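If you're matching them up, the sequences are chains A and B in order.
Letter 14 of the first sequence, counting from 1, is numbered 14 in our numbering, and no numbers are missing.
Letter 39 of the second sequence, counting from 1, is numbered 1039 in our numbering, and no numbers are missing.
The hints are simulated quantities; they were obtained by calculation from the structure and are not laboratory data.
Fair warning: this is a prediction, and the values are worked out from it, not measured in the lab.
Be aware that one or more of the hints could be misleading.
[Said to hold, decoys possible] If you only want the chain B side, here are some residues facing chain A, beta carbon under 8 angstroms, derived: (1) Gly1029; (2) Tyr1032; (3) Pro1044; (4) Tyr1046; (5) His1049; (6) Lys1096; (7) Leu1097.
We put the beta carbon where it would ideally sit given N, CA and C, even for glycine.
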Amino acid sequence: DVKVTQSSRYLVKRTGEKVFLECVQDMDHENMFWYRQDPGLGLRLIYFSYDVKMKEKGDIPEGYSVSREKKERFSLILESASTNQTSMYLCASSFRTAGSYEQYFGPGTRLTVT
Amino acid sequence: DAKTTQPNSMESNEEEPVHLPCNHSTISGTDYIHWYRQLPSQGPEYVIHGLTSNVNNRMASLAIAEDRKSSTLILHRATLRDAAVYYCIRGFGNEKLTFGTGTRLTIIP
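Isolated chain B (complex conformation) (with noise of 0.2 angstroms):
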């Protein structure tokens, strides 16, 4: 039960932003909302996490809702590098993580 529910897939152009949802209605108060990307023949590699507040770093931003029951990885501008499969998820800390099946983007020259 991977408990955040994603797209299957997007599609993007090179060099504009990339809003990625995620839908995570019954998250609890303690849960992290982390987010992870596995880009081809790779292991996952982690963007960001975020508890309430938005979130930025140099991979990305990550926006909250108010409720908590979403989320939005934001990629600033696209490249061809960031083609890759988008993992959403749930958890206290950084244990006993769940992946599901993430939102495969592509981007598009």
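Isolated chain A (complex conformation) (with noise of 0.2 angstroms):
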């Protein structure tokens, strides 16, 4: 079975904070995201990575940063965390091969900034 983990389910941080949400998926898997999901928005893509050390912005990057040191893991970080960046964040992986069309997500993470 496909498992996408992140590294909290729940997350409290103070405004200012450097915050990092973690993703590991043992797929082998080229293609990662991070989405954020709010009530009445669904789920907006924030940055994605195709390999290791590249990245391309998403629909909402502002506010955030990401990293890809290995393929197993992208990390999302916020600089310097907002109440507005209160939300649910969502980790997936997928292969990047023609003909391979899901995307696996993992829990999430419930970031709670104060």
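Two chains, two frames, some hints: make the complex.
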């Protein structure tokens, strides 16, 4: 079974703190994604990566950065957390090869910034 | 811009078929139609995808209109475990899929 794990299910941080959200997948997937999910807005793509050290901005990258030093790990970084970054964060991964169309999601991290 | 339109919510009785509609009138020729669902307190999970022909798998069936401007996800016999938010997504391959707000499906025992 494909497994995508996220470092925490719940996280509470203070405004201005630097926050790291970690995601690890065990299926040798090339693609990895970070989304945030807010009520009434659905899932929105923050960043994605199609290879080690490669990254591309998604629809809402402002206030976030990412790091992918190893194929299995994709980190989302909030340089200076703000209250409007309180949200559910979801990581996903997938193969890049043609004919592969399924993204596998982790359980999510609910981040609260106070 | 989700580029698809789905009803906000639907209800269905347990053990009856469920038809979840999706409108994607501006779909391009290379866009696939993907369906994901999100159970309570979980991340989304893949259900099915298709391009032109109807598709079946162990979870569901996907019926795609001949003009590809709409599709319907069919759950043949709904169970309480099928209660979830269902997302219809158009896109090419598995990159940069845009999730909208989906349809919240309630199953009535």
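Task: Agreement of hint B/Tyr1046 with chain A interface, Cβ distance less than 8 angstroms - done: OK, holds: B/Tyr1046 within 8 angstroms of chain A, min 4 angstroms.
Task: Restraint check, 8 angstroms cut-off on beta carbons, for B/Gly1029 near chain A - done: 16 angstroms, violated
TODO: Under 8 angstroms, Cβ to Cβ, is where B/Tyr1032 needs to be relative to chain A, so tell me if that hint holds or is violated.
DONE: Hint on B/Tyr1032: holds, closest Cβ of chain A at ~6 angstroms, below 8 angstroms.
Open item on the list: Is the interface hint satisfied for B/His1049? The criterion is a beta-carbon contact with chain A at less than 8 angstroms.
Closed with: With a minimum Cβ separation of about 5 angstroms from chain A (threshold 8 angstroms), the hint on B/His1049 holds.
Open item on the list: A closest beta-carbon separation below 8 angstroms is what the hint needs, so does B/Pro1044 meet it against chain A?
Closed with: This interface hint holds because 5 angstroms falls under the 8 angstroms limit.
- [ ] Verify the interface restraint on B/Leu1097: the C-beta must sit less than 8 angstroms from at least one C-beta of chain A.
- [x] Holds, about 7 angstroms.
Task: Closest C-beta approach of B/Lys1096 to chain A relative to 8 angstroms, hint status - done: This interface hint holds because 6 angstroms falls under the 8 angstroms limit.
Of the numbered hints stated above, the single one contradicted by the structure is hint 1.
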